[in-house]
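*Asks:* Protein chains in written order, with this note's numbering: chain A, 1 to 138; chain B, 1001 to 1138; chain C, 2001 to 2138; chain D, 3001 to 3138.
It should be emphasised that the hints constitute simulated quantities derived from the structure, not laboratory data.
Predicted model, so just to flag it, every value in this text is computed and none were measured.
Warning: the hint list may mix true and false statements.
As the list claims (entries may be wrong) - Using 27 angstroms as the maximum straight-line C-alpha spacing, the simulated BS3-like pairs for lysine-lysine come out as follows:
hint: 1; chain 1: B; residue 1: Lys1124; chain 2: C; residue 2: Lys2100
hint: 2; chain 1: A; residue 1: Lys137; chain 2: B; residue 2: Lys1137
hint: 3; chain 1: D; residue 1: Lys3124; chain 2: A; residue 2: Lys124
hint: 4; chain 1: A; residue 1: Lys137; chain 2: C; residue 2: Lys2070
hint: 5; chain 1: D; residue 1: Lys3070; chain 2: B; residue 2: Lys1070
hint: 6; chain 1: C; residue 1: Lys2124; chain 2: A; residue 2: Lys70
hint: 7; chain 1: C; residue 1: Lys2137; chain 2: D; residue 2: Lys3124
hint: 8; chain 1: A; residue 1: Lys70; chain 2: A; residue 2: Lys137
hint: 9; chain 1: C; residue 1: Lys2124; chain 2: C; residue 2: Lys2100
hint: 10; chain 1: B; residue 1: Lys1100; chain 2: C; residue 2: Lys2137
hint: 11; chain 1: D; residue 1: Lys3070; chain 2: D; residue 2: Lys3137
hint: 12; chain 1: B; residue 1: Lys1124; chain 2: C; residue 2: Lys2124
hint: 13; chain 1: B; residue 1: Lys1137; chain 2: A; residue 2: Lys124
hint: 14; chain 1: B; residue 1: Lys1070; chain 2: C; residue 2: Lys2070
hint: 15; chain 1: D; residue 1: Lys3070; chain 2: B; residue 2: Lys1137
hint: 16; chain 1: A; residue 1: Lys100; chain 2: D; residue 2: Lys3137
hint: 17; chain 1: D; residue 1: Lys3124; chain 2: B; residue 2: Lys1137
hint: 18; chain 1: A; residue 1: Lys70; chain 2: D; residue 2: Lys3137
hint: 19; chain 1: B; residue 1: Lys1100; chain 2: B; residue 2: Lys1137
hint: 20; chain 1: A; residue 1: Lys137; chain 2: D; residue 2: Lys3100
hint: 21; chain 1: A; residue 1: Lys137; chain 2: C; residue 2: Lys2124
hint: 22; chain 1: A; residue 1: Lys124; chain 2: D; residue 2: Lys3070
hint: 23; chain 1: C; residue 1: Lys2124; chain 2: D; residue 2: Lys3137
hint: 24; chain 1: B; residue 1: Lys1070; chain 2: C; residue 2: Lys2137
As the list claims (entries may be wrong) - Where chain C lies over chain D, by a calculated footprint (3+ residues, C-beta under 8 angstroms):
hint: 25; region: 3027-3039
hint: 26; region: 3071-3083
hint: 27; region: 3103-3116
Virtual Cβ for every residue (Gly too), placed ideally from N, Cα, C.
4 protein chains.
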Amino acid sequence: MSQIQQRIEASFHAQSLMATLGARLISVLDGEVQIELPFSETLLQQQGYLHAGVITSIVDNACGYAALTKMPAGDEVVTAEFKTNFVRPALGERFVATGKVETAGRMLTVCRGEVVAFTGETSKVIALMQATMVNVKV
Amino acid sequence: MSQIQQRIEASFHAQSLMATLGARLISVLDGEVQIELPFSETLLQQQGYLHAGVITSIVDNACGYAALTKMPAGDEVVTAEFKTNFVRPALGERFVATGKVETAGRMLTVCRGEVVAFTGETSKVIALMQATMVNVKV
Amino acid sequence: MSQIQQRIEASFHAQSLMATLGARLISVLDGEVQIELPFSETLLQQQGYLHAGVITSIVDNACGYAALTKMPAGDEVVTAEFKTNFVRPALGERFVATGKVETAGRMLTVCRGEVVAFTGETSKVIALMQATMVNVKV
Amino acid sequence: MSQIQQRIEASFHAQSLMATLGARLISVLDGEVQIELPFSETLLQQQGYLHAGVITSIVDNACGYAALTKMPAGDEVVTAEFKTNFVRPALGERFVATGKVETAGRMLTVCRGEVVAFTGETSKVIALMQATMVNVKV
């Protein structure tokens, strides 16, 4: 495991929300990160779908850590803003959020993310994100 | 309590995520809804701030229920998309999300939301949302 | 006219697009700027409404210059991103875009804007923007 | 030329703004549309780059017409909202906006767009859009 993978793994485990949601970091590549979340009865909105805020939490993290893979060692990432479209009901056995870096600047990194719901053999995109991450010197 | 207040109260309590987060519905007015969340050690990102996804969850709900107050009785609200700017670190004893309807159409309702962090006597805006809600006939 | 008003006036006139559109800078206050555009047959989309890109051009400028009023003298403003909702058809005799600073940071300034269409005595909000401006040292 | 290509061609030419900007419709495929714009001294912001509103105008159109290729014959497309990130200075000899449909619903179509600047043999992405289009029955 590379240094950046170790660092993102440690950062992910330092996020208490990820444990609360039951999310797992499943892939860290250069400029692309994936996070998986099983369906849970404790994370729903009123119609029984996964809540938009939960979907947003995992794809925000996927985008943020994807951005971090492109930043200088020691820098920290903070979300400046994101926009998410919810394109299908969030129903499935598990959900995988993928974040990818589109452009990495000295100060701002722009990412795109998507969340796919898996049920048995079928999969469907349920959400699309476009996000701006800030590179913070610490 | 009016019919729409009762309906939003019931819908809010049907959202398992709100119980998981510890959020409370504190105000339902015509076109404006407020939700409160105490700080919790289980909802944080890696720097110890409230996670962006948690902030988003409560302000999305505040916007969605604000939209619902303007819809015909019996209709349901679904989030089409939102955009959130995170303008200060999410630190505080408690957080209040306010969602307001800007324009209500037959099919789409546009809302703006903000989240304010309170610590003792001080308060600061930490996030701003602009959202599109869909009016779903059920 | 203050130094910042003069500077914004000069910058506005250096934008060839504003002359092409026929836009006028009508107000520069601390943290709030207004730009006016008369309806024009040369700026329309296929249904005869003002094009979304034209509406966006004037409210982006209103937000950008509002941000500039909060930046240190000599700094330049660049748009990092914006999100615009189009809430009514862009019909009217003239359009006024207002941009307001919500929070001004050292690096990023978050603004909200709106565009109002005027026809005789009536006025209607037609668009809402939320934007992130970058403070560039020059 | 197919019926949808003819219809989009006609709609594009009915947009007076496209003639004012000097934009050309260069490709209409199922779910993907491209629009080209040469650099012009009349479309600039204060630093001599193409104005963000101009970039937005062409990528909004590319996304809107891409959405239209997926709608029932006779329907009309209207932009509900879009979000655009400006990732590099808009400098180049010509600019190509591409809009692609991500998901097409009965009522809403979600698209992603990008704008690439070309100078001689080099090309660079300068802007990324995520947009929500409404399917209007006429």
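*Asks:* Now tell me, hint by hint, if it's right for this structure.
*Replies:* Hints, one by one, checked against the model:
no.	hint	result
1	B:Lys1124 - C:Lys2100	holds, 18 angstroms
2	A:Lys137 - B:Lys1137	violated, 49 angstroms
3	D:Lys3124 - A:Lys124	violated, 31 angstroms
4	A:Lys137 - C:Lys2070	holds, 23 angstroms
5	D:Lys3070 - B:Lys1070	violated, 31 angstroms
6	C:Lys2124 - A:Lys70	violated, 45 angstroms
7	C:Lys2137 - D:Lys3124	holds, 24 angstroms
8	A:Lys70 - A:Lys137	holds, 14 angstroms
9	C:Lys2124 - C:Lys2100	holds, 18 angstroms
10	B:Lys1100 - C:Lys2137	violated, 36 angstroms
11	D:Lys3070 - D:Lys3137	holds, 14 angstroms
12	B:Lys1124 - C:Lys2124	violated, 31 angstroms
13	B:Lys1137 - A:Lys124	holds, 24 angstroms
14	B:Lys1070 - C:Lys2070	violated, 37 angstroms
15	D:Lys3070 - B:Lys1137	holds, 23 angstroms
16	A:Lys100 - D:Lys3137	violated, 36 angstroms
17	D:Lys3124 - B:Lys1137	violated, 44 angstroms
18	A:Lys70 - D:Lys3137	violated, 45 angstroms
19	B:Lys1100 - B:Lys1137	holds, 22 angstroms
20	A:Lys137 - D:Lys3100	violated, 36 angstroms
21	A:Lys137 - C:Lys2124	violated, 44 angstroms
22	A:Lys124 - D:Lys3070	holds, 18 angstroms
23	C:Lys2124 - D:Lys3137	holds, 24 angstroms
24	B:Lys1070 - C:Lys2137	violated, 45 angstroms
25	3027-3039	violated (count 0)
26	3071-3083	holds (count 7)
27	3103-3116	violated (count 0)
Comparing the model with each numbered hint stated earlier shows that hints 2, 3, 5, 6, 10, 12, 14, 16, 17, 18, 20, 21, 24, 25 and 27 do not hold.
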